[in-house]
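J.: Letter by letter, the chains look like this.
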Amino acid sequence: MIRIAVTTLLIIAVTCALASAQEDTIQVVTDTLSDSALAVIQPEVPSPAGKVLVNDTPNDNGGSVQINWTASADDTDGRIERYEIERKEVNASDDTYKVIGDATAGQTRITDNYAENGVEYVYRVVAVSLAQAGDGEMLEVKSYSESSAIVKASAQWFNTNRTVVLIFALVIGSLIVNYISQARKGKDLFIRKIAGLEAVDEAVGRATEMGKKIYYVPGTQDMENIQTIAGVTILGRVARLAAQYETDLDVPVSRSLVMVTAREIVKEAYMNVGRPDAFHEDTVHYLTDDQFGYAAAIDGMVVREKPATIFYMGAFYAESLILAETGNSIGAIQIAGTAMPAQLPFFVAACDYTLIGEELFAASAYLSKEPKLLGSLKGQDISKGLILAVIAIGVIIQTLGVYDFASLFRIAAD
Amino acid sequence: MRREIPLIITAVVGIAFVIQYFIPHSPFDRFEQLFSDWFFIIAACAIWLGALNLLKLSIIKVQRQKKDWQYSVIVIVSWLTMAIAGFAGGRGFQTPGTAFDWLYVNIYTPLSATMFAILAFFVASASYRAFRARNVQATLLLVAGFLVMMGRVLFDDIFFAPLGWDFQPLSEISSFIMNYPNLAGQRAIMIGIALGTVSTALRIMLGIERSYLGGGD
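Heads up: the sequence lines are chains H and C, in that order.
Quick note on my numbering: the first sequence kicks off at 51 and runs consecutively.
Quick note on my numbering: the second sequence kicks off at -4 and runs consecutively.
In short, the hints are calculated from the structure, not lab data.
Hints should not be assumed to be uniformly reliable.
[As the list claims (entries may be wrong)] Listed next, with one range per pair, are the computed distances between beta-carbon atoms:
{"hint": "1", "chain 1": "C", "residue 1": "L106", "chain 2": "H", "residue 2": "R234", "range": "51 to 61 Å"}
{"hint": "2", "chain 1": "H", "residue 1": "G236", "chain 2": "C", "residue 2": "V68", "range": "56 to 66 Å"}
{"hint": "3", "chain 1": "C", "residue 1": "A11", "chain 2": "H", "residue 2": "L103", "range": "35 to 45 Å"}
{"hint": "4", "chain 1": "C", "residue 1": "A115", "chain 2": "H", "residue 2": "K148", "range": "57 to 67 Å"}
{"hint": "5", "chain 1": "H", "residue 1": "N118", "chain 2": "C", "residue 2": "Y16", "range": "23 to 33 Å"}
{"hint": "6", "chain 1": "H", "residue 1": "Q206", "chain 2": "C", "residue 2": "I10", "range": "14 to 24 Å"}
{"hint": "7", "chain 1": "H", "residue 1": "K148", "chain 2": "C", "residue 2": "D161", "range": "51 to 61 Å"}
Heads up, the beta-carbon is just placed ideally off N, CA and C, and yes, glycines get one too.
Work out the full structure, taking the sequences as your base and the hints as a guide.
T.: This is how it looks when you write it as structure tokens:
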């Protein structure tokens, strides 16, 4: 009898709580209630989450929906344990919501990355709080928000976050193509002197006079790295000079694909100057993919063979100083070029000449003196001038506080 | 055709990469991963070219008793030892306890660490040369380097904290040098590198730069 009475009281209490709640979609989880718990439970139903806003994730390849909601009124006092996010397909035969993720208390945004493109969905957010039963057991009490508007995931054809990049790429690309075109028409272009590249002839000549080898190190990265491409491009010019002067060239590489490419380049260079007989396949040889193994092998060769000239052209990491200092210790003339900013100080300290960043990419054009290539250099320099002008204008506007100039160039994260 | 086909492949792949950066829609969204996979598969297969080249040259050097041929013996023995240990271990050759793992942990790792450690001595010798106050620029470098180093160690705590100062002058100066003049210089270099990269990429995609294919301009 007592049990029936208590259960009746409980039902009355729950009914009252349901009636007083702001939302009509409140559920008390009682699955795990024990008999004793049933006797004393007084669930405090949390306020539901506010309006749920949904939108297709912008600038993506589809399959994603962003869900935003207003936090439950009870979220501020720590009553909310978490939010569960539920999803329902509008046109599906199964008309039920399914949990697709959860968010911690205080969080009001989640992304559903498992939506199908073109399928209509509605979402709702479930505020979950904990209630203590009479026997100390914790129970989950949930309240449901209203359903969101219908949303469909879709892929976009343009990433608007990258509009600024596109504009700059088009402007810079147009300038470069324009100057290449002018160079093709025979316009004389002035290119500033680059000391490191002016010294290439001298460095090769020195090795010839001394009757010693030239070492050419094209970095430790593979052919997918543009610095390596720039490095092996310069190798072609150096190999041509070495072939003309009949000087031994040694190209130790750390990647198989670089070996194959560099070998082809050196072979062509020897053929182009009419010295195919002087070319040996072993001129370009593989050592190891390992960074420090490569450095150790080259250091050993440098110390034993004492080359007169060493070129370091490409991408380098911590091995840069190990290589350059060893070359310095044997008195070789060293010319380095890299676009790794962290390694530049090491090369500057240990080498006779250093191509800093862009100069590495300019080297091939500079050494070839070919008008089309020089045209691209001119376009690159003019682009730099343009960027400097934009920076100067930005500094003035930003300093005066007239307008947030920098905001024009901010690229939102995807 | 020997030159045209590589040029066409380069141009198409280059343009595809540029497009996929701006267009997230399928099929462009898969290009980066697709080409990257292709590259790694080709590079993985090509490793044999390099490894066998190393072995071949070393064997020739030993056979002909060329200068310093003794080092090549070490290369051959090391090469074969690691290869045999790797193949003998089967699929789980890298798991702890295998012969390959033992060689890796007890020989390769210490040797690699030793080479890296040598860097400290090279930094010292290079710094000695770079920081000699031979002219105004080198003197500025010396002073800036000195201040940064002082700011990065405990000098503030040793000298100024006992005086009851909250202000840490050396640390502040160090941060200023790193955050303003140094950062400005780094960014200038980065802008130059970005422009150089764009320019080189355009030259390659347009087929103007061809020397990476071998020789001809």
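J.: Determine for every hint whether it applies to the structure shown.
T.: Results for each hint:
Taking the beta carbon of each, L106 (chain C) and R234 (chain H) are about 53 Å apart, inside 51 to 61 Å as hinted. Judged by the Cβ atoms, the range 56 to 66 Å given for G236 (chain H) and V68 (chain C) holds: they are separated by roughly 59 Å. For the pair A11 (chain C) and L103 (chain H), the beta carbons lie near 36 Å from each other, so the given range of 35 to 45 Å is met. Distance hint check: the CB atoms of A115 (chain C) and K148 (chain H) are about 58 Å apart, consistent with the given range 57 to 67 Å.
A C-beta distance of roughly 28 Å is found between N118 (chain H) and Y16 (chain C), which places it inside the suggested range of 23 to 33 Å. Checked against the hint of 14 to 24 Å, the pair Q206 (chain H) and I10 (chain C) passes, with Cβ atoms roughly 20 Å apart. Judged by the Cβ atoms, the range 51 to 61 Å given for K148 (chain H) and D161 (chain C) holds: they are separated by roughly 57 Å.
Hint compliance for this structure: every hint is met.
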